[in-house]
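Participant: Line by line, the protein sequences are chains A and P. My numbering puts the first residue of the first sequence at 65, with every later residue one more than the last. My numbering puts the first residue of the second sequence at 694, with every later residue one more than the last.
FYI, nobody ran anything at the bench for these hints, they're computed from the structure. Even for Gly, the Cβ is constructed at its ideal location relative to N, Cα and C. Hints may contain errors.
Covered by chain P, per the in silico footprint, the following chain A stretches (three or more residues, Cβ under 8 Å) [claimed, not checked]: (1) 111-117; (2) 122-128; (3) 152-163; (4) 167-180.
Under 10 Å between C-beta atoms, here's a sample of chain A residues computed to sit facing chain P [to be verified]: (5) H66; (6) T68; (7) D69; (8) M70; (9) W81; (10) P86; (11) S92; (12) H95; (13) V98; (14) P133; (15) I135; (16) H146; (17) P147; (18) I149.
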Amino acid sequence: MHETDMTKALILTVKDWWEAQPERPKISCIHLIVGKFTCVEPVSLQFAFEVQCRNTFLEGAKLEIQETPLIAFCHHCQQDYHPEIGIQYACPQCHSPMEDIRSGRELKIDRVEYCSDSVETHASNF
Amino acid sequence: MHQTFDAALGINLLHANQQGADHNRAHFDEWGITCLNIMSSPGAGKTVLLERTLAALGNELKIAVIEGDMTTELDADRLRQYNVPVIAINTGRSCHLDSKMVAGGIHRLAHDYNPSELDLVLVENVGNLVCPAEFEVGEHAKVALLSITEGEDKPLKYPVMFQEADCLLITKMDLAPHLDIDVNRIVANVRQMNPDCMIVPVSAKTGEGLETWFEWLRVQSDRASAISPQLSLNY
C-alpha cells in the first residue's frame, strides 16, 4: 500500500504550493499524470487521497488522474510501439529489447484548480 | 462571486524522496562508499546471500548492512554474527525503505562507526517486488533477486523491478533439477526490458555462481573508491 506514501507526498507538495499563495485559495481539483509503467494503482491512490484529505486544507478536493500509456521507441525500427504490460516488452517487429521508454513512467502533479475564495482551514492537521 | 484558476505545478510525486536519495548518495560518495540496494520478493534469499557475502568478503572489504524489515530484527541478528556494522530499520506498516528511513540509518552508522573506513553498504530492502523499485534510497546500483521457484513469468509481471536492476541474481539454483522451470526463459524475459543487466544464477547452498557475484561486488566497490569526490555536507 505504498499509495498511502505517494498520497502523503502529493499532499505535502500541494501544501507547499498552497502556503506560498498569499490568498490561500480553496483547491477544487488536483490533476495527476500517472504512467501505466509505474508501481502506482490509480484506484488505490483515489482511495488514499479521499481518506487522507479529511479535515485538511484539501477537504472536498477532487483528484483527477490521467493515465499515460506505455510507449517505447525502437531504435532499430526507428518507430514507437506499445509494449503489452505483463506479456511482451520487446519490439514486436524486430524483438529488440525495450530500452527507450517514451511514455508510461510519469508520476507527476500536473496542475491544481482553485477558486478565488480563500478558505479557513485546518492545514495544521497535515 | 468566485472564479476558477489553474496553476501548473509539474512536480514529480517522488520529488522529496529523490532529493533525499541524492543527499544520501552524496554522503556515500564523500566517504568513498558504494551503496547497493538489494531487493526481491519475501523469501528469495536476500539474507542468506548477505551471510555468504559477509563470510567470504568480510576480511577483504569493509562492509556494513542497513537492514529493512517490517517489524522484527531477526535478519539483522543473523547478520550481526559476522561482526560487521548492521543497522536495523523497522519500516512498520511501510512495505519498502525510502530515502528518509535510510538517512536515519546513515546517521546511526556515522555516529557509531567511522564511515570513511567502509567500502560497501548493502541495503537489504523489505521483501516486495513492487514498491521498492520506485523509491530510490541513495544507492549506486540496484540488485534484484529472483528465486528459481518463483517462476519464469515474474519479470513480465513485475517489470519495473527487473527493468531497473543493474544486477539480477537467480537464486536457489540447487533446486533447478526438481523443477520444470527454464532458466533461459527467465533470462530472456528480463532481457526483453533490460539488455544490460548482469544476470548470475546462484545457489547459496552449493556456492554456484557466488564467485561471479563477489567479483561484481569488488568491481562496484573499486569504482566508488576511484571517484571519492571532495564534498562536505553537514548532517
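Participant: When the hints from earlier in the document are held up against this structure, which numbers fail?
Facilitator: Violated hints (numbers, rising): 1, 2, 10, 14, 15, 16; every other hint is consistent with the structure.
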